[in-house]
Amino acid sequence: MHPSKLAPLRKGLLEFLILDIVSTGDVYVADILGRLAPTDFATREGTLYPLLSKMRSEGLLDYDWRESAAGPPRKYYRLTGLGRANLAEFRAYWTSLTTLIEELGR
Amino acid sequence: MDKTIVIGLTGHGERYRLRQDAYDRLADYLDRAATRLQSDPDRAEVLGDLERSVGDKLAALLGTEDRLVTASDIEGVLEEIGAVDTGHEPVADQPATPPRRRLQRIREGQKVAGVCTGLAAYAQLDVDWVRTGFIFATLLTVGFFGLVYVGMAFVLPVAETREA
Chain S
1 MHPSKLAPLR KGLLEFLILD IVSTGDVYVA DILGRLAPTD FATREGTLYP LLSKMRSEGL
61 LDYDWRESAA GPPRKYYRLT GLGRANLAEF RAYWTSLTTL IEELGR
Chain G
1 MDKTIVIGLT GHGERYRLRQ DAYDRLADYL DRAATRLQSD PDRAEVLGDL ERSVGDKLAA
61 LLGTEDRLVT ASDIEGVLEE IGAVDTGHEP VADQPATPPR RRLQRIREGQ KVAGVCTGLA
121 AYAQLDVDWV RTGFIFATLL TVGFFGLVYV GMAFVLPVAE TREA
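Protein chains in written order, with my numbering: chain S, 1 to 106; chain G, 1 to 164.
Chain S extracted, bound-state conformation:
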């Protein structure tokens, strides 16, 4: 399969993977980048910051400033109630989608 066929799918999924990562507890940007780095969804700050900002303005997540041992304070992200609801909805949809793919291909 041509890799470009999967590109839009991957792009759309990134947001949900970020919800997934942020749901594990307080994370900052380097944690998100580190979790995604070994996967197909490896990304960089130039993509991540605008996306986090958009997700925050949609009310999916929020952040607190925290001091760090090295350097300036960092933004630690966490899910809002809406973010958790979206993630649950996405997981349910994903399960039904994989079931559907299995069934149709049988």
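Keep in mind the hints are simulated off the structure, nothing from the lab. Treat the hints loosely; a few may be bogus.
As the list claims (entries may be wrong) - A few chain G residues facing chain S, derived, Cβ under 7 Å:
#  : residue
1  : 42
2  : 46
3  : 49
4  : 53
5  : 56
6  : 59
7  : 81
8  : 82
9  : 83
10 : 84
11 : 85
12 : 86
13 : 141
Claimed, not checked - A few chain S residues that face chain G, going by a derived Cβ cut-off under 8 Å, partial list only:
#  : residue
14 : 11
15 : 46
16 : 49
17 : 50
18 : 53
19 : 57
20 : 58
All of these numbers come straight from a predicted model, not from anything done at the bench. The beta carbon of each residue, even a glycine, is placed where N, CA and C say it ideally should be.
Based on these hints, arrange chain G on the given structure of chain S.
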């Protein structure tokens, strides 16, 4: 002698001393980022995030060394951060010129052979005016414009719709 520029970055107390070419690279990156983020209501905040990140990486790179930041330092840092991607194409990357208009017959909405619809699309006029003009011109020239119409119907290429 190379010019040195001293800058501060959002969130960082330290000052960084950049060579002119290093400063130019950074300023260029931030300008592009600002352009791409122009429709983002949180543009200032995202730009601040990016600057803070540049500062983090420069601090890690320099450590305790007290030296000038070079263009290749900045390039390495910006490569790690990556160009700002907002998920939709930036305005500047869209083709600047609209597709060239061509004089052609257009089948969509035609009454006879689509010559008037084609002329109207080409001249960006209402087709009713073009038709009225053609009928008057034909009457005034005792049929000569009728021949012009027939000639154009033969000569012009055909398109199904205005967009084609």
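Item checked: Hints not upheld, ascending by number -> 13 and 20
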